[in-house]
Amino acid sequence: MSREFPIPVSQHTAPLDMPSLLRRARSGDADAFEALVRTHQSSVFSIGYRMLNRRDLAEDLAQEVFLQLYRRLESIENFEHLGFWLRRVAANLAIDWLRRAAYGATQPLEAGAEVPAPQADEDPLLNRELSRMLGELSPAARAVMVLRYQEDCDVAEIATSLEMPVNTVKSHIKRSLTALRGKAIGARLITAEELP
Amino acid sequence: MNDVEAELRRALRPVEPPPGFAERVMRALPTQRPMAAVTPLPIARPTPPVNAWRRLSTPVALAASLVVAVLLGQHLAFERAQREQRAGLEASRELMQALRVTSQKLDAAYQAVQSAPAGAQEDEENRS
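So the protein sequences, as listed, match chains A and B. Heads up, the first sequence is in my numbering, so the first residue is -17 and it goes up one at a time. Heads up, the second sequence is in my numbering, so the first residue is 554 and it goes up one at a time.
No lab work stands behind these hints: they were computed from the structure. Computed from a prediction, not measured in an experiment: that's the story for all the values here. Every residue, glycine too, gets a C-beta built ideally from N, C-alpha and C. Each hint should be verified, as a subset may be incorrect.
Example chain B residues on the side facing chain A (calculated, C-beta under 8 Å, incomplete) [stated by the list, open to error]:
no.	residue
1	557
2	558
3	562
4	563
5	570
6	571
7	574
8	620
9	641
10	642
11	643
12	647
13	649
14	653
15	654
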């Protein structure tokens, strides 16, 4: 019996050979498992990085997520479930680490933090400031925003992943966007006239 | 820029992990993956050869005890029936003896009454 997972089709469409890769990994094929890691490492690492704001911690977190995956491979139903599972475990583990170690909502972006190379039409300073402001949100709100705007998850999947009501997810998104806009205006990164 | 959401999407583009990340993950994996829902089979241990008599001694002893108990029960029941029968015959014989003695006494008394003189009979009637 296969379950339905709320995966946005546009971003998480599985390549054709992924089901066989998953089967081979399940049967103990190390190369297949490594291929799965390579396929998802960017997503898992990025969730950890946006949540924890440190590359070393993000790498530890991503490694822990893939170790958990290795132990739970039998429970992964299909490729879509794999992506959902990795995002869910990474986000929840990051929230757990933040709460336990009290990195706090004001953990600054680490010195020399890697910001993706800017594209032609974007403002690198704004990107950096938005990432920093995101780090000032509460762990749960940060996880909601990372899953929504980095992983392009819909509200239903975020609610399922973080085990919170859909309305709470919507509320986090609304409040976080308002706060980010306010901070961006305060920092003169944008002007009030630019708001929709 | 008029859309914070679009800027957020740009700012939160996925970041690649450090080089060699996948290799480090593979090195950190345990050597053997725990299999889900595997029940270990019981280990078959060689059993030492057992003497046939020792193997059968307990059931044979139980059967013999059962037979002895049944026979003993039957014997005791037979003995009790015999005893009751003898006691009944003895009681019957004594009853017959008692009846015989009583009958003889009554006969003697009847004879005595019949052979008594007539005057003695009248005196007896006047006195009463």
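Against the structure, the hints:
| no. | hint | verdict |
| --- | --- | --- |
| 1 | 557 | holds, 5 Å |
| 2 | 558 | holds, 7 Å |
| 3 | 562 | holds, 5 Å |
| 4 | 563 | holds, 5 Å |
| 5 | 570 | holds, 4 Å |
| 6 | 571 | holds, 6 Å |
| 7 | 574 | holds, 6 Å |
| 8 | 620 | violated, 60 Å |
| 9 | 641 | violated, 84 Å |
| 10 | 642 | violated, 88 Å |
| 11 | 643 | violated, 90 Å |
| 12 | 647 | violated, 94 Å |
| 13 | 649 | violated, 96 Å |
| 14 | 653 | violated, 102 Å |
| 15 | 654 | violated, 104 Å |
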